[in-house]
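Student: Protein sequences, first through last, are from chains S and D.
For the first sequence, the working numbering assigns the number 1 to the initial residue and increments by one for each residue that follows.
For the second sequence, the working numbering assigns the number 1 to the initial residue and increments by one for each residue that follows.
Derived from the structure by calculation, the hints contain no laboratory data.
Repeated chains share a single entry, so a pair holds when one copy, or any two copies, can fit it.
Cut-off 25 Å, straight-line C-alpha distance, at most; resulting in silico cross-link-like pairs (BS3-like, lysine-lysine):
(1) Lys197 <-> Lys94
(2) Lys208 <-> Lys92
(3) Lys239 <-> Lys94
(4) Lys234 <-> Lys94
Owing to the predicted nature of the structure, the values given are computational and were not obtained by experimental measurement.
Protein chains: 2
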Amino acid sequence: MNNTIETILSHRSIRKFTDRAIDPKQLETIIQAGLAASSSSLLQVVSIIRVTDKSKRALLAEYAGNQAYVESAAEFLVFCIDYQRHAAINPKVKADFTELTLIGAVDSGIMAQNCLLAAESMGLGGVYIGGLRNNAQHVDELLSLPQNTAILFGLCLGEPDQSPELKPRLPAHIVLHENSYEPLNLGDIEQYDETMKAYYSSRGSNQKQTSWSQQVTGKLSGESRPHMLSYLNKKGLAKR
Amino acid sequence: MNNTIETILSHRSIRKFTDRAIDPKQLETIIQAGLAASSSSLLQVVSIIRVTDKSKRALLAEYAGNQAYVESAAEFLVFCIDYQRHAAINPKVKADFTELTLIGAVDSGIMAQNCLLAAESMGLGGVYIGGLRNNAQHVDELLSLPQNTAILFGLCLGEPDQSPELKPRLPAHIVLHENSYEPLNLGDIEQYDETMKAYYSSRGSNQKQTSWSQQVTGKLSGESRPHMLSYLNKKGLAKR
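Take these sequences, add in the hints, and give me the full structure.
Tutor: Here is the structure:
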């Protein structure tokens, strides 16, 4: 197994960081790693906002649902869909398609994962912060995003001050299909639920008695950030 | 510079492959790399459909806009948003939110990039195929996707039979902002356009006389897959 695969397979989300800063050269490499990512039709529709302002960090931590590590991480990067560049180059550009928001979301994930893996390969750690979308409009205003841009998620980066266990994932035979979608075998989920029950009840911190099925049903039984559609439309994205 | 960063920074999209198959153990590692990726709230909303059926490959190549490498690559993986698992576990699950489609798109990008980097670290190469969305409904039917699932993009993987130049990206000072969105300086784009003109006119294959601004304006002046919104809504996603 090579180092890249080792880095990928040993991923853990880090939510507790030392107060050590990230070396500027390391940060530069992390950003270059993001820029090297594939980009759909080379549109390059992602902007990254590095938040160094302490008061903005404190507000972002609050907007994300009081996630303290958004404030305490050495670096916090906010990934945004950005068609404003293209509109500035030529006002004929039409950004108001769901398709373009999909491109922005997929390409942001690809780019951010390059950044996170580059950081992890240097012994740093991080965690994605989708919670920024809890208050998308407030985050948008705090970062002064123009029309044709929208916030997607944040990425905390820093020196890990914790070493969490690997979190078990759905096994390949559930996620991977061949040639056609293969309907879920509920027995497979029962097995995974047992694995996750054991994980949740025995892990080092934040132990709980629950299964994956209970967790996701709880998450998905209610409305999921229903304001996101009007937010995206207001920014000139995701319509048609 | 460590091997992971070297792998990330030397990415090139590969569109010409030898006929050598990918070793099953290598493919297993590539899939495990994908599974190790971060998942929003551990919802695990991505399914991968590995297409080995030759006739399906031929159709997918056509649906993607006659991209022959979709048929010729050793492996072709289709990444899909999948809330059908969650709905099968509990019918109370509501998947029809734009937010959930965003999660699916971001998490698919993160997962697929782990797969691509794992492959690249082994000396393999690949390219993302967003063109599948040109005919989303046909691809969906070909792969028998159920409700609450939607196709996003494909990933070709195989042994490279070409060695393209690195494609210049927008420089960091354009993509990276600090604390607030910094409006585009058109002078910076003029410089990048010169870089891209030189790249397009001198690269080994498919040389052309164009700039980045001309390219993206062409791509974005018309409608961008306007059928995607109705496709996603039909699958029970992206509304509200």
